[in-house]
Every structure is written in C-alpha cells, then in structure tokens.
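*Asks:* Just so you know, the sequences run in chain order G and B.
If you read the first sequence in the working numbering, its first letter stands for residue 2, the second for the next number, and so on.
If you read the second sequence in the working numbering, its first letter stands for residue 10, the second for the next number, and so on.
Be a bit skeptical, because a hint or two may be false.
Per the computed footprint, the stretches of chain G lying under chain B, defined by three or more beta-carbons under 8 Å from a beta-carbon of chain B, are [said to hold, decoys possible]: (1) 229 to 236; (2) 255 to 264.
Below, in silico cross-link-like pairs of lysine-lysine (DSSO-like), each with a Cα-Cα straight-line distance of 30 Å or less [what the hints assert, rightly or not]: (3) K181/B - K120/B; (4) K11/B - K45/B; (5) K45/B - K281/G; (6) K221/G - K218/B; (7) K221/G - K170/G; (8) K441/G - K221/G.
A few chain G residues that face chain B, going by a derived Cβ cut-off under 8 Å, partial list only [said to hold, decoys possible]: (9) M222; (10) L225; (11) E252.
Think of the hints as simulated: they come from the structure by calculation, not from any bench.
No experiment lies behind these values; they were computed from the predicted model shown.
We put the CB at the ideal spot given by N, CA and C, even for glycine.
Here's the letter readout for the chains.
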Amino acid sequence: MADDLDESGGFPFPMPSEEAVAMRDGSIESHPVGVPESYEEGKSTRWSAKAIADVHAMSQLGRYQLRGFNTFSRSMPTFDDLVFVPATMTRLPLEGYRESCETETVLGDRPGLVSEPIRLAIPIYIASMSFGALSANAKAALGYGASKAGTMTCTGEGGMLEDEREASKLLVYQITPSRYMLDLEHLRKADGIEIVTGQGAKPGTGGVLLGMKVSERVAKMRSLPLGVDQRSTVRHPDFLGADDLQVKIEELREATGYRVPIFVKVGATRPRYDVAIAAKAGADVIVVDGAEGGTGASPEILLDHTGIPTISAVRAAREALDECGMSGEVKLVLAGGIRNGVDAAKALALGADAIMIGTAALIALGCNSPRYFDSYAALGTAPGRCHHCHTGMCPVGITTQDPELEKRVDVAAAAERVARFLTAMTMEITLLAKSCGKSKVSNLEVEDLRALSLEASAFTGVSLAGIDRPYSW
Amino acid sequence: MKDLTVTVGDRPIRQVNAEIRDAVAAGRDVTVTDTKSRHNLAIGMDARANIRFEGSVGYYCGGLNCGARIQVERNAGWAVGEAMSSGEITVGGYAGMSAGTSMLGGLLHIKGNAGPRCGVAMKGGDIIVEGRIGYLSGFMAHAGRIIALEGAGDACADSLWGGEVWLAGPAKSLGVDTRLTEPSAEQVQEVEALLAERGLADSSRDWRKIVSAQRLWHFQSRDAKAWLMI
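Bound-form chain G, shown alone (with noise of 0.2 Å):
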C-alpha cells in the first residue's frame, strides 16, 4: 500500500537503502530536513528574536521599555511609495538651472490679526527638541544654522534656553501641559508661541526625560529637583477642550499684544477632526506631527504602536482646512520622519504649508556619524544604528548633559553643517517643484504625484500611477 514506505509500489528496480534516501551528502547530521535558514535565524513570524528579546527584558525589569529615536515599526507606508510626475506635453516645466522658484514661507499671515508674521526663506524649519533633550551646544548649533539658512527653531518643552534664543533668529516659543519656565518675560521673546496637545512620537502621553540627563541648568529651568526621572503631564492644567483652548489662545495674545502668531501642535492620530477643531479654535498654524516623529525618550511601545503615518495624516489635515474655508488662512505644518526634500516636496505637494525636520536635523549635527566609537561601542551600538538618545550618554554630544560629551558639538562646525543641510534640503524641493513646472513650491499639489502602492493610493487620495486614478472604495 501506498503508507507502506517498506513496499517497492511497483518500482522495476529494488528499494532504495534509507541511507541514501535521507541525501546525506552534505547534510548537517542533525538536521537532515527543513527550512535551511530556520536553523541560524528562526523563522517564526510570531517569535521573531525582537518578540523574545522584548519578553526578556520585560521578565527581567518588570516594566515597560523606554528608548530615544522614532518608530522601529516596518508597517509605516512611506513617502517611498510616491513619485512626482514632471511636466511633459501637458505642462512646461521650468529650466533647472535658470528659472527661479519661490521658497518664500509666511506663517501666521492671515489678514489684519498678527501683526509679525513669521517669514521663513525657506519651507522648512527645526522641530521643537527640548534642552535638557539636547544639549545646549546642540541647541545653539540648530539655531545658528537655521538661522543661516533663514529658517526658524522651537523651543521644546524645557523653557526658553538663552543660548538658543541668541542663536536663532526666529524662535517658536512651547507651551506644554508642564508649563516649564513659561512666565510674561520669556513669551514676549517669542516669534511664535506654540501649544502642545500631543506629539507624533508618542501621543496622548507626556514627556520622558530620565535622571541621567537632568542636570543642574536642566533641573533649573524645569524647577525640578536634581537627577528625578521627569514624566510630564499630558494634560493642559488650564484648559481641557476646544471651547477652552479658544479662550487659552485669546489670552496668549492679550499677552503678546497680538503681535505672534499662535501654534496649535497635534499628535496625528484623527488629524481630520483635531485639525478642524485647532482651526475653529483660533490657531494661526496647525502642526500635524505624524507617528514617525522623533523623541528623546518615550516608552517603547507607544512609538511603535500609536500614532498614524505622517504621509495618511497630511492629506486628512488639508482636507479638514478645505472643508471649513481655512486654507489659506491658517498654515498646516508637517512634521513625522521626514528625512531630505523629496520626502519634504512630496510633503508639500500633498498639502502641508510648511515642513518641520527634528531627527533629520540632528543626523546633519552629527547624529550617528563614524565618529567616538569606543562610545558607541560602551551603549552597545554603532555608528549608523544608535537610537540610545534616552540614557544621556549621546557618543557624539547632542542628546546629553555631560559636559565632556557635551564638549563633541562643535557649535560652528555643526551649524554650518545644519544650514548646509537646509540648503540642500531646499534644492531638492526646488528642482523637483521646477521639473513640475512650479515657479513657487507652495505650488506642488497632489496632481503632481503618482502612487506606486494600492496602499499609499488609499492612505493619500493620490492617483495610481498610469491608471491615473486613485484607489477608491
């Protein structure tokens, strides 16, 4: 019978030895069968060596992981999964290297309430990164060379450092539900005044800021005892809802005489309401921070698990400015893992004001460079995949406190480095906006990209490429 593996079944020829059955030449002895790979890697899609890592850990410490950087997580669509389709037959495109293209940013410019907009020369500008997240050096680095490259800074939620408010040129100014250091004095400083309701790296949650990195200027301007691992609130002491936050943002302009414009900051998690209601409630400019955000430190899980993708979340946000007639008057800031000006052009051309760059900007201070390896090496990493911005002990000077590793940010090195990389941010937008036939980049619209994904076609509206039409339901 056929179960019967003794039975020739009818071969012409005699049963073969097992021997030579089990293909042993070359075989391991142990394991003769199977998924070669499985034996160095494993292969289960549940336990991956994360998954049992993670269980270790968690075992081990009896609580949650915490760690810098942004998402580890692989099911982020990406600006990857868009292209720009240039002008042809159907529209001219400019020349390169002859025709110029506007670059010019004015937040806060609806008519006849703000009397100092903010003009940027350029459509990006630094996230909010707090010191006592940075290090000043870093801190003063990102504020020369943003200012180099007529940009703007943010304060974060640490208070107002002096040495970037001498750095930067034009300075948002955080109010966070901790209200670090926020008196009369420091929001009249300000340029623009921004309030936080949630951050994309980790939304719904408050800031992390562990011991290591609360040092004795940190702990002042934090009002904070010396080395506590700080955890902010999450939730504004004064205001709860949207009619509140109205009334907040009246106030901040009593306060700054109606001179600033006010920053409303979400988390993108339902970007579609929260962006209606910012708007009704008054903001100047709305930034919609998506979940590949940066942060210095964050509990693991919610960096992987919360917050929607910064690509689904711009349109979403632009649609909800169109639908209550704000465009236009309000700004839309983007801001989630954008790492160079064709994730920033793509940015724009699906609807985004402006483009707010953190990590992307810390990688041109110095972020993982081939650099202090004995330092990496003590952390466990290396140059190129360090995400250990929450212990302080940044090999290259930037997510710190200590003095000495504090000493490796050359502040008028990394700043020129800072303004270079804006720069060439820049030209990227420019030449892709020019090959569209955009004398302007806030020109760039959604008619000028292609999806190459069902998925990003979905998450974006944007048309499919060739079939020219977008994913619909």
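Starting from the known structure of chain G, arrange chain B on it as the hints suggest.
*Replies:* Below, chain B without anything else, positioned relative to chain G:
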C-alpha cells in the same frame, strides 16, 4: 491722579484690556465695572498696575501676571493668576478650577473656596485659600506653597515634585506619594506671618504640612545601565 473706570459689558476684550493697559501706562489705578464674568481680563500686567474688578471674572483673569496688584471683588473662573511670576491677586469670593496654575512667584489670595486642581504644576510663590481647596490641588507642583485654612478635597498634593501644601483643616484624602509632616515652629511662624499680613492672624491653628514622599522622583529602575537593555 484719579482712578480710571473701565466698563466691560459686551465690548471686545481686546479693547477693554487695551484701555486698562493705557491707564496703567499713564500711571492711573483702574476700576473695572460690569465685568460679566468675561474671560481673559488683565492678562500680562506689569508692576505699575493696580486693578480692581467690581464683580466676577471668567477664565485666566490676571494670567501671566508680572507684578500687578489685582483685586477681584467676587468670584473668578478657571485658572485665575495662571503663570504669574510676581504680583498679588486677591479674589473676594470663590475661585474655579486650576487657580494659580503653574505660578512661578507672587501671591494669590482667595477668600472663599478654590476649585479642583488649585496650584497644579505650580513652580513658586504662595497661594492662600481661606476656605477649602478642591480635589487634586497641588498636583505635580514643583515648588511654592499652597495654604488652605479650611482643608482640602480628595487626592490633596498628589504627585508633588516639590513645594508644600499647608492645611489648617481636614483633607478628604491625601494624594499618592505624599508625606504628612509636622511643621517646625519657625516654619509655622513664617506662614502665620504671611497670613497676618493679610489680616488672617490666628495662633490657634493646627497645621499639617504635606510634602513629596519622593517615591515618584525615580522610575522603578534607576540604574542607567538598565535603560540600555533595548
């Protein structure tokens, strides 16, 4: 020079505040009438200002105060004196939620009760409440002093980083990570002196002082190396 009277009514707040500021700049004291519990009155005033509100005010009255003396005859809405760095605000009646939120300095004196979350995220200065303070008062305060003569609601002084909550009456419950202490004679003297300046001298009070137990100062695992396990 004579006091200037500014009427609020239904006029735009921007105009009302501008008139108050102009009067202050001209060196005049200001009396504000027909306040209608409007929001955002007398925001960001400086040390020259001496302002009296006849009636009740809405949210954020005296917010971001920077040295002004402000009196509210009746009640105040949410977050009176929020982010005040210096100056003195007196509320004749009750104060709503989050009175003195994230204050850095100065004095907030409430003659009635204060609502919940009084002095939340406070970073300095003093809040005196002649009545009771509501639940979660002092939540995650960093520094400064909240003094409540008739006691507190639930979760009093919850999760303090620093600062002190002084009670001369009962608390419904104490918040997490709090430590109840007996203030020293000198400390009591200091607080009583502050109260005496406000006409609230009373040597018979039984004080309890609540401070941080400092357990929440540090995450469960403090060792920097433990944070490298990712």
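*Asks:* None of the hints should be skipped; say for each whether it holds.
*Replies:* Evaluation of the provided hints:
For the region 229 to 236 of chain G, the stated coverage by chain B holds: 4 residues have a C-beta nearer than 8 Å to a C-beta of that chain, and at least 3 were required. Counting residues of the region 255 to 264 of chain G whose beta-carbon sits less than 8 Å from any beta-carbon of chain B gives 4, enough to reach three: the coverage restraint holds. About 20 Å separates the Cα atoms of K181/B and K120/B, which keeps this hinted pair within 30 Å; it holds. Pair hint K11/B plus K45/B holds up; C-alpha atoms about 24 Å apart against a cutoff of 30 Å.
For the hint linking K45/B to K281/G, the alpha-carbon distance of about 24 Å falls within 30 Å, and the restraint holds. Only pairs whose Cα atoms come within 30 Å are accepted, and K221/G paired with K218/B is accepted, the gap being roughly 24 Å. The suggested pairing of K221/G with K170/G holds, with an alpha-carbon distance near 25 Å, which does not exceed 30 Å. A hinted pair counts as satisfied when its Cα atoms are at most 30 Å apart, and K441/G with K221/G does not qualify at roughly 45 Å.
Proximity of M222/G to chain B is violated relative to the hint, the smallest CB-CB distance being about 11 Å (cut-off 8 Å). At about 6 Å, the closest approach between the beta carbon of L225/G and any beta carbon in chain B falls short of 8 Å, and the interface hint on this residue holds. For E252/G, the shortest C-beta to C-beta distance to chain B is roughly 5 Å, which falls under 8 Å, so the interface hint holds.
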